[in-house]
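Peer 1: Spelled out, the chains give:
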Amino acid sequence: MTGAAQRALPERLTGFVHALRGHHVRVGPGETVDAAAVLAVLGLADRERLREGLAAALLRGQGQRPVFDATFDLYFPRSVGDPSTARPAAAGAATSVEELRERLAEALAAGDSAAMARLAGLAVQALGRFGSAPGAGAGATPSATPGSGGWSAHQTLERLRPQILLARVLAALRAGRPGAPADAPDALTDRIEPDEIRRRIEAFRGLVATEARRRTAEEQGTAEIARRAVAPSVDQIDFLFAGRDQLAELRRSVRPLARKLATHLAARRRRAARGRIDLRRTVRRSLGTGGVPLRPAYRQRRPQRPDLLLLCDVSSSVAGFSDFTMLLVQALREEFSRVRVFAFVNRVDEVTQLVTTGTADPGGLARRITTEAAVIGHHPYSDYGSALGEFADRYQEAVTPRTSVLILGDARNNRRDPNLPALAQLAGRARRVHWLNPEQPALWSTGDSAALDYAGLVAMHPCRNARQLGELITRLLPV
Amino acid sequence: MTGEQHTGFFASVEEVSARLAEVGYLASTAVATTVFLADRLGKPLLVEGPAGVGKTELAKAVAAVAGARLVRLQCYEGVDESRALYEWNHAKQLLRITAGREESWQEAKADIFSEEFLLPRPLLTAIRGSEPTVLLVDETDKADVEVEGLLLEVLSDFQVTVPELGTITAERRPFVVLTSNATRELSEALRRRCLFLHLDFPDEELECRIVRSRVPQLDQALAESVVKVIGALRAMELRKAPSVAETIDWARTLLALGADSLDDAVVRDSLGVVLKHQEDLRRAVEKLTLASA
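If you read the sequences in order, they're chains S and R.
Counting with the working numbering, you get residues 1 to 479 for the letters of the first sequence.
Counting with the working numbering, you get residues 1001 to 1293 for the letters of the second sequence.
Don't read these hints as lab results, they were simulated from the structure.
Partial list, computed: chain R residues near chain S (C-beta under 10 Å):
1. V1031
2. L1037
3. L1045
4. D1203
5. D1264
6. L1288
From a predicted model like this one, the values you see are computed outputs, not experimental measurements.
For glycine and all other residues, C-beta sits at the position ideal for the given N, C-alpha and C.
Just chain S, same shape as in the assembly (with noise of 0.2 Å):
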């Protein structure tokens, strides 16, 4: 790469747009093209303002924006025409932790962001570098090539410690202040600063992070760069394998996906209500015109809005699921004009009021689910046959040939009786029932899971991740 900014300005950029390519990123040629112009008329001499006009012509979406301004930096460097100024402390022991420390902790309390992409490219630089220590893992993940060393965010930020510096940080925007002595604070604002700058430095971290995978997809070459370089979006990570903070990032977008549902949900109710023709009445208007159809008669439907109920598995080998799963529920209650929320691990209750009235916020209301509603008997471990049981004993009555009926959960019946006649009942009296399973279906007959016996009564649908659960409910809800 230090050849790139000796070459030529068109070369420079087709090779930018296929190191974005690289990169997941889709750029068409006419992209490329548009970014041409770009470059034609803005010139080299603002970068800021060349980034953003590069930006604007080649990307499709703001996900894709940290891979760009990673790579932008790559060949469009700092200082254009010499590669030695423009990548700096490329001695890594020149810049040392306490300097970059320093200038971190001034780019934090500016809240510089451009300051700070730039000092995490210095820390990774300075202080990411791993020898060639096999197996110790590149960035978050912990399997690099044996041999082949790599950067390291981890070792970056164990080596940097970003956290020390809020006290720092802190002070020094207090001296900063104008008009305020240190002595007489503005309380409200102080209470608010200390977590503006810990988000600032969880900035930085992705920063680093991002800085460090990029370098070592750079080192390891394309194939790896596909492997691991693009994190999965939102949608599609895995329910069961979400960390604690890509939960977090799920549970963020389940308003717009519930709203998205409600959208599809109201507009095919609407379609489903015009269409079919009512031939009696048609043939009966027709008598008027001479046993002519002028006037076709529609058959009108009482518009019915129908009943949902959930049954969930709270257990905590599925709590990702579930309360993911809740979450949307709570948010798609509206469409619905009865929704019912059972919860079990292996006894069953009503959570209906919880869910509904409960705020939207996740770890609250799984715990006051398992606090407040008896979900859990004698043992702590899912036992579906009794749980089914139960329900069949107390809840009959909330099942009724309109209701839909969901069942979320693994299966995993911890190999007690999986009670298969309590859910052939339940299939007899309601209107349908799905059952949606976070596993893939290739795990279903392993181990303790009940699953395959179930599928045979009630349909299963394999549900991952929140894209498939979209999709799903999309097409299983009632119209």
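Assemble chain R onto chain S, guided by the hints.
Peer 2: Below, chain R alone, put in the same frame as chain S:
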């Protein structure tokens, strides 16, 4: 190609910033640059971002500084060709037919499908005129997928095809802004035809300047605190994050209340200006640990 390739409103990026600032729209580098490019390259500008960051305002500001008329197509679920593009004026056509009963069928038919009976809707209006025009396609994501198909012809070639009349090409390209809240994924084809701008909440310093320019009587320190608190609120995962407009409303409210600094009581009493859900209010009060009265 009959029309101009570019709209020619601006000569440089600096000019964009400066003139937008004159009408009270403070643009970031990204905004100024993309507006300039959209103008220069004659490409539509797709602006995406959360509600209340000034996407629609941007189109209005561009229209204001360029002295252009603003043609707005507000998208909604169910907007269709006859709302977006053109419609035949049936009533007038019927009148025409009844008025000329002695004509032959051929004459009558040729007549009633002429421009006179055409009702132009926003898209056609925008490309037909010869005066400078800003076309705002607002909340594109609300429209059904089929409408995007209609937009494609307009956006790539700045022309509209009316089967009875032929193709109408823009004499003068409008400056096109499409906005989207990203509630629906727009099609690849549409995105390809546009320059893309992601407009996010402004950073602290810019928002501070925006507040100061809109509410000049507010003193600098208070404006800074206001923006800080707003930033903290936005980070809280509320149902509705406060928009820039709400920041300004709040600043005005504080001014009206005569507050000279943000203390707990003032914030608690005026937070309703910023947050529009009871649930959000409760959470904000809790997180900001405001002492209850």
